[in-house]
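Undergrad: The chain contents come next:
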Amino acid sequence: DAKTTQPPSMDCAEGRAANLPCNHSTISGNEYVYWYRQIHSQGPQYIIHGLKNNETNEMASLIITEDRKSSTLILPHATLRDTAVYYCIVPHSNTGKLIFGQGTTLQVKP
Amino acid sequence: GAVVSQHPSWVICKSGTSVKIECRSLDFQATTMFWYRQFPKQSLMLMATSNEGSKATYEQGVEKDKFLINHASLTLSTLTVTSAHPEDSSFYICSARDGRQTSYNSPLHFGNGTRLTVT
Numbered sequence: 022d023a024k025t026t027q028p029p030s031m032d033c034a035e036g037r038a039a040n041l042p043c044n045h046s047t048i049s050g051n052e053y054v055y056w057y058r059q060i061h062s063q064g065p066q067y068i069i070h071g072l073k074n075n076e077t078n079e080m081a082s083l084i085i086t087e088d089r090k091s092s093t094l095i096l097p098h099a100t101l102r103d104t105a106v107y108y109c110i111v112p113h114s115n116t117g118k119l120i121f122g123q124g125t126t127l128q129v130k131p
Numbered sequence: 002g003a004v005v006s007q008h009p010s011w012v013i014c015k016s017g018t019s020v021k022i023e024c025r026s027l028d029f030q031a032t033t034m035f036w037y038r039q040f041p042k043q044s045l046m047l048m049a050t051s052n053e054g055s056k057a058t059y060e061q062g063v064e065k066d067k068f069l070i071n072h073a074s075l076t077l078s079t080l081t082v083t084s085a086h087p088e089d090s091s092f093y094i095c096s097a098r099d100g101r102q103t104s105y106n107s108p109l110h111f112g113n114g115t116r117l118t119v120t
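Sequences listed follow chains A and B, in order.
Mapping to our numbering: the first sequence position 4 is 25, numbers consecutive.
Mapping to our numbering: the second sequence position 27 is 28, numbers consecutive.
Fair warning: there could be bad hints in the mix.
[To be verified] Quick list of in silico lysine to any residue cross-link-like pairs, SDA-like style, CA-CA up to 20 Å: (1) 130(A) with 60(A); (2) 24(A) with 107(B); (3) 42(B) with 31(A); (4) 42(B) with 113(A); (5) 65(B) with 42(B); (6) 73(A) with 84(A); (7) 42(B) with 32(A); (8) 73(A) with 106(B); (9) 24(A) with 113(A).
[Said to hold, decoys possible] Covered by chain B, per the in silico footprint, the following chain A stretches (three or more residues, Cβ under 8 Å): (10) 80–90; (11) 111–120.
Hints in this document: simulated from the structure, not taken from any laboratory.
In this text, a Cβ means the ideal position worked out from N, Cα and C, and glycines have one as well.
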């Protein structure tokens, strides 16, 4: 099962785009990349997921490289409420369970 | 969107007592639910997979007799922390996936967690 690597922390200015990278070099052909975030003292919130095409929804965009070994989550106009821990996860292929790493702590600053 | 409701949101209990936490999928059926535990400043740790109508599958190092899981219906799973001790104090979070969708292309939806404090 593919492991992911993320930087431990990032800062972003309010109103600017936040670009959060993730490496998943061992991902296999049918495994999706999922992004979640956890705001302090709450359950994780689903953001977006993708297989190989770029994806966009009302929350964010997901850019996946052509070789699928890495991806970037983009929050186009970060607000203070986007301050959270962001997790990039590849579910276990047999069970679908999610194993959380340490994620990236995004601090949006005024 | 899919909603997972967890109850209670917080509970304080005395050492040696048992505490039950409920996890409900409100607008979808979930054949599988997952239970996590999170200590302060740490990431979520998967405890067990709860399967409707069958026994739960526990992750390595998680005591099945300590953390009893029951998944009696397609919308409800419960976690009972038995004979709780202060070291069981933690943030417990459940999650569920819409059973009509494949696990590959369907997100897990999480409850808002239960903060357990054992005194």
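Undergrad: Between residue 42(B) and residue 113(A), is the straight-line Cα distance small enough, at 20 Å or below?
TA: Violated. Residue 42(B) to residue 113(A) sits at ~24 Å, over the 20 Å cutoff.
Undergrad: Against the 20 Å threshold, does the CA-CA distance of residue 24(A) and residue 113(A) hold or violate the hint?
TA: Holds, at about 10 Å.
Undergrad: Closer than 8 Å, Cβ to Cβ, for at least three residues: run that test on the stretch 80–90 of chain A against chain B and report holds or violated.
TA: violated (count 0)
Undergrad: Given the hint that residue 42(B) pairs with residue 32(A), does the C-alpha gap stay at or below 20 Å?
TA: At roughly 18 Å apart (the allowed maximum being 20 Å), residue 32(A) and residue 42(B) satisfy the hint.
Undergrad: Given the hinted pair residue 24(A) and residue 107(B), is their Cα-Cα distance within 20 Å?
TA: Distance of about 19 Å is within 20 Å: holds.
Undergrad: Mind checking, does the stretch 111–120 of chain A have 3 or more residues with a CB under 8 Å from chain B?
TA: holds (count 7)
Undergrad: Does the alpha-carbon distance linking residue 42(B) and residue 31(A) stay inside the 20 Å limit?
TA: Given that 20 Å is the threshold and the Cα spacing comes to 17 Å, the pair holds.
Undergrad: Is the Cα-Cα distance between residue 65(B) and residue 42(B) 20 Å or less?
TA: Violated. Residue 65(B) to residue 42(B) sits at ~25 Å, over the 20 Å cutoff.
Undergrad: Are the Cα positions of residue 130(A) and residue 60(A) separated by 20 Å at most?
TA: Given pair residue 130(A), residue 60(A) holds - Cα atoms ~15 Å apart, limit 20 Å.
Undergrad: Take a quick look at whether residue 73(A) and residue 84(A) sit within 20 Å of each other, Cα to Cα.
TA: Satisfied, since the Cα-Cα distance of roughly 9 Å is no more than 20 Å.
Undergrad: Tell me if the straight-line CA distance from residue 73(A) to residue 106(B) falls inside 20 Å.
TA: holds (12 Å)
In summary, the numbered hints that this structure violates are 4, 5, 10.
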